[in-house]
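> Listed below, chain by chain, are the residues.
4 protein chains.
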Amino acid sequence: MNVGIIGATGYGGLELIRFLHTHPEIEKLDLFTSSDEGNKFSNKYTHLMNIYDEPLLKIEPDRLSEYDVIFTSTPSGVSSQLLPSLIDKGPKLIDLSGDFRLKDPLQYEQWYKKTPAPIEAIQKSVYGLTEWNEAEIQKADIVANPGCYPTAVLLSLLPLLKENLIDVKHLIIDAKSGISGAGNKPSQMTHFSETNENTAIYKLHQHQHIPEIEQAINLFANQTSPITFTTHLVPMTRGILATSYAPVNEGVTEKHLIDALQVTYANHPFVRIIKEANKFETNQVYGSNYCDIHVKVDPRTNRATVVSVIDNLVKGAAGQAIQNMNVQFNLDQTTGLKHVPLFI
Amino acid sequence: MNVGIIGATGYGGLELIRFLHTHPEIEKLDLFTSSDEGNKFSNKYTHLMNIYDEPLLKIEPDRLSEYDVIFTSTPSGVSSQLLPSLIDKGPKLIDLSGDFRLKDPLQYEQWYKKTPAPIEAIQKSVYGLTEWNEAEIQKADIVANPGCYPTAVLLSLLPLLKENLIDVKHLIIDAKSGISGAGNKPSQMTHFSETNENTAIYKLHQHQHIPEIEQAINLFANQTSPITFTTHLVPMTRGILATSYAPVNEGVTEKHLIDALQVTYANHPFVRIIKEANKFETNQVYGSNYCDIHVKVDPRTNRATVVSVIDNLVKGAAGQAIQNMNVQFNLDQTTGLKHVPLFI
Amino acid sequence: MNVGIIGATGYGGLELIRFLHTHPEIEKLDLFTSSDEGNKFSNKYTHLMNIYDEPLLKIEPDRLSEYDVIFTSTPSGVSSQLLPSLIDKGPKLIDLSGDFRLKDPLQYEQWYKKTPAPIEAIQKSVYGLTEWNEAEIQKADIVANPGCYPTAVLLSLLPLLKENLIDVKHLIIDAKSGISGAGNKPSQMTHFSETNENTAIYKLHQHQHIPEIEQAINLFANQTSPITFTTHLVPMTRGILATSYAPVNEGVTEKHLIDALQVTYANHPFVRIIKEANKFETNQVYGSNYCDIHVKVDPRTNRATVVSVIDNLVKGAAGQAIQNMNVQFNLDQTTGLKHVPLFI
Amino acid sequence: MNVGIIGATGYGGLELIRFLHTHPEIEKLDLFTSSDEGNKFSNKYTHLMNIYDEPLLKIEPDRLSEYDVIFTSTPSGVSSQLLPSLIDKGPKLIDLSGDFRLKDPLQYEQWYKKTPAPIEAIQKSVYGLTEWNEAEIQKADIVANPGCYPTAVLLSLLPLLKENLIDVKHLIIDAKSGISGAGNKPSQMTHFSETNENTAIYKLHQHQHIPEIEQAINLFANQTSPITFTTHLVPMTRGILATSYAPVNEGVTEKHLIDALQVTYANHPFVRIIKEANKFETNQVYGSNYCDIHVKVDPRTNRATVVSVIDNLVKGAAGQAIQNMNVQFNLDQTTGLKHVPLFI
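Chains as they are written, first to last, in the UniProt record's numbering: chain A, 1 to 344; chain B, 1 to 344; chain C, 1 to 344; chain D, 1 to 344.
Because the hints were derived from the structure by calculation, they are not lab data. There could be a bad hint or two in this list.
Remember, identical chains collapse to one label, so a pair may be satisfied in a single copy or spanning two.
Result set (PhoX-like, lysine-lysine): computed pairs, CA atoms no more than 25 Å apart in a straight line [to be verified]: (1) K58 x K44; (2) K44 x K255; (3) K44 x K162; (4) K113 x K162; (5) K203 x K185; (6) K44 x K124; (7) K338 x K44; (8) K44 x K114; (9) K279 x K114; (10) K103 x K279; (11) K255 x K40; (12) K185 x K279; (13) K89 x K40; (14) K103 x K124; (15) K275 x K203; (16) K28 x K338; (17) K139 x K169; (18) K255 x K275; (19) K139 x K114; (20) K44 x K185; (21) K255 x K203; (22) K203 x K44; (23) K40 x K279; (24) K203 x K40; (25) K275 x K124; (26) K40 x K338.
On a predicted model such as this, the values are computed, not experimentally measured, just so you know.
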């Protein structure tokens, strides 16, 4: 397979390269840029020296159509303009930005403050939450790769919501993320001296992943209710831990919740249900494509606490994108993604 | 004033020394130990060289009664046995451990798995949440200094619960803490290589601060309901950020919540209500005795998100203990505690 | 005393505010800005809410002359243009930038790539390494507050070089710094995700503190030799640890080195000589104005290893600046600077 | 190939599992323990769930002889007693502890304070610095896998010392390491709250890697001189950066140094010579088996600064051990080790 990446200099792009470099089915990997054409990529990123020393290529639509897959890992508002012209031109399109996730263009405008993609292109795109949408992903023109937070949240909650085991009307989701989720562009918010030894809540009630989560809950679990979803920055580079709270419905026990999770993911190698956990933590999945899930019902309150962890750059971005590529090309989902978590 | 500290080698003790060393009303500061008698304290803690070079003293009840104040900053199960004999012997007693916080000995046994203090001693102790219990603290034999998590949680929620502005029956509290809350004793859970670049949830539904928070909500806001309270470890040394979620009651607006907070703390210099906040974070109060609070109602869900931050070792331990001492001796509450947050 | 700060929004400025706020001799503290005039300072820096809520003032030379002291904590190339006009106008001038440190304007141009200050102003400035230049500082028009690295390096080496105990011709200095030394302006080099979990060497053989150190060794120890000095970034906010290596001269023992240090600093409260140290570390001085020094001779090589630690923002910047102010106003040097190190 | 690991619960062991799990030539991987027999390994290390769920096996010499390779990743003093009996019994033995590195038992006793291995076993062991000892490693009974610090130091210095380009008599090596080098056993020295936001020098002139480095310089570069080597802990989990300083010999230029490095490692895929570097840093090699080297001569002092970085747990431990296994079994050295550095 020949693969092209647009937006390789961002963290999503770097992680795509990390996994694709050792993916056994990739023959050619090319990187495209709008600004740095001709520069040797390892000049910018020393860690890739002797690994990826090729020059960056110019983005030219004709050229792009020669690839089997094009990944776009660009800031919001770029792939919405770029990808529509590539539909039906040959390559499978997998977009890691948020541009094709929301089906309602007005909602996109409201939360992203950008011009939405053309409606026809949005309609041809499919939400790429692999474990929940395999059949659709397989035949999609554009895969809208899910956001990092939504991936952690949805994988843990959808089985419980779909079976009506917990009450969506009182659903509270408190998510904590490492700083790499903010990307590679320096800002005061990601400045080491102000981020280190610090935990922050940000974009309170305003995060663009709120409508994405609600839309997916509706799509996959057929439940409709506005949710409370908050995002925190913790002083680490990688990892998301999402803690969700909801009352369990009448007659539901902890065992029902665990069973629903285990049954749902029985044949999904990247989702692990952890039954016992004194501590449950992001380094369980560090650098890997796993999503770990733990659930416990508090008998004092009859509420469930559902916890999930992912590496935001892997299962929350590049890893899931490659998993989707594997699905589209009928490869085993774990192809090229068998990396063991680093833990330390 | 002559002050003694029992348990000075722990982090609570070190912070007491940090503040008391420059407290203008302290004449004598002595440190007591059960094991290291005679050793120069700055031999163990180099950062105190030339600052506190005195030898550690042996714990002898007769001797202790000569002090104006005794702080105990000991592991659970120590001061419960030690302090009862010092009641009415002279010194004011301020306990930073959890031994005198819970009024119900059975509850203490259940959550702490230790023998409770004698019931008479418990009855003579007063919960030391300064801003809410000043009059009682002033005349107390024993001040039970609040836990770090309860301090952050209660200061932000009590004004709203007391005025019946939010619904305690759906109250969810998600707290994040730096690692120093686990104290100075090494363990796998505080081992750098397994804690760094990691966020964890721990003691799910089992944390001993749950009954402490519920008891105080009952005492100060007259509300009774089991709450959901979870604790997370984030890879930083100091700081707690508590995010609480509850529906607002009928007819209540964001302004009502802000007003309640502002009115409650109008004359309390250590509690700051932050109205606008793109980001709200623990480093706002780093190293200081402040508690900052921010609240926002989401019109989509009609739920309030209430956020508070403290330095767990200061307002959550030593700082509040000294604030309580100031109250007991009719000093301005800020005496010796005017330290500006470090921020960076 | 009335004090003005120009460049308060940088980290040096924030630390000046932190210490001056509780300095007992300060009556008025005003902050000046070239861009943010009229804005409430605590709107930008929430940690200062209720502590410093005054608006920023416009920089006007006439107005500045009414203060007893003006601190400039500006980027290179600003105070060189601003301060000359304030000489003899009233206020003592203490400059935390590098603009007045190098006596040779050509050297300044070469290492800083900026236009140097007028030669007359440079001649009226005095190098503010407090422990070594008290008499000169007392009467100086402009105090050129030393760089963070030079402070850590010079305090530990000058006593040994002055007494000719170690060989300057083979002197190697390997310095490690926290990221706050790079200031508050975001860049790729200070971007959390690329700085965290990372140690880097930077500006190899090019750091502008090299000529500053050499000039001071010449001035205070009368030794002339180009030195090797390298700088490393470690993933922490505050702190410098400088490790220096040099052969001991004929007949010199470890005891001679320790004695020289102890005698030199016998009456200097902020320099502590640590004789025994299994571990010697930056958190010994965190947040405080101390400089700790440790020295050991390796009998296998007959070389001395000299280690020193400071908080780069305190003894390496704002703390030493205030110490210099105290000297100029005949106050005890520790006035307003008695803060105990945080250690944790 | 069938592989056994003794000491799998340590960090060296965990990293062996991480790489061996996806090593294409490994058929069977068994873990041995002296204490936890029968326990499922992923019960202790959740990150290995669904990856390595086998029970730990009891250490039985007869059983061990059935493997093709036995890795020992045990504390000092264990493999010295265990491995001698396995020589000539079948498996290749690769020891990640320090027990077989020093050829002189007296030196081992002096620096390790433990009983040395039997002299016959020491004589049958070979120092496993892959790039410098391939032929010997191929036929060795026991490979003494190098220490983490020596690996970083020797790879960068040996080409320069062997060609007599720099002066070993004035060689200074200043090394900085992440905390994982101290292993997985909790202690005050690795306690998060005392390690975070802190840089320390430790074991000054006493580190057991000093004789290891000197022995290898003698063996591979035929130079004899006691060196100065110091070790620092920086607040990160992984990574070593070693900065070495030495005068260049008469007539030697920077180009000579770079050439020597490039020629030496021309056919060694894991050593990369970085010619230009504004910043040179540990995250270039994070999680990978690379060693990156950078050298620069300061024309002011005519001294070379040589910098190298490795991941201490990979090239400094498990990665190099597997590289040695590959050599012994005539596999391409990169087999199973093609992991791209994480960088972020």
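> Is it within, between, both or neither when you check K203 against K44 at 25 Å Cα-Cα?
between (32 Å within a copy, 17 Å between copies)
> With identical chains, the pair K44 and K124 could be close in the same copy or across copies; at 25 Å between alpha carbons, which is it: within, between, both, or neither?
neither (36 Å within a copy, 45 Å between copies)
> Given a CA cutoff of 25 Å, do K255 and K275 count as a within-copy pair, a between-copy pair, both, or neither?
So K255 and K275 pass the 25 Å test inside one copy only (10 Å; across, 43 Å).
> Could you place K89 and K40 in one of the four classes (within, between, both, neither) given a Cα distance threshold of 25 Å?
For K89 and K40, neither the intra-copy (28 Å) nor the inter-copy (51 Å) Cα distance is at most 25 Å.
> Checking an output row: K58 and K44, CA cutoff 25 Å. Within, between, both or neither?
Cα proximity of K58 and K44: one copy only (16 Å, versus 42 Å across).
> Should K185 paired with K279 be assigned to within, between, both, or neither, using CA atoms and 25 Å as the limit?
Answer is between; shortest inter-copy Cα gap is 18 Å, intra-copy 33 Å.
> Checking K44 and K185: alpha-carbon separation at most 25 Å within a copy, between copies, both or neither?
Both. Shortest intra-copy (14 Å) and inter-copy (21 Å) distances satisfy the 25 Å Cα cut-off.
> Treating 25 Å as the Cα threshold, decide for K338 and K44: within, between, both or neither.
between (28 Å within a copy, 21 Å between copies)
> Can you tell me if K275 and K124 fall within 25 Å by alpha carbon in one copy, between copies, both or neither?
Neither: 39 Å inside a chain and 43 Å across chains, both beyond 25 Å.
> Please work out whether the CA atoms of K203 and K185 approach to 25 Å or closer within one copy, between two copies, in both situations, or in neither?
Classified as both: same-chain Cα gap 18 Å, cross-chain 22 Å, threshold 25 Å.
> At most 25 Å between alpha carbons: which applies to K255 and K203, within, between, both or neither?
between (35 Å within a copy, 19 Å between copies)
> Within, between, both or neither: how does the pair K28, K338 come out at a Cα-Cα threshold of 25 Å?
both (20 Å within a copy, 17 Å between copies)
Violated hints, listed in ascending order, are 3, 4, 6, 8, 10, 13, 17, 19 and 25; each of the other numbered hints is respected by the structure.
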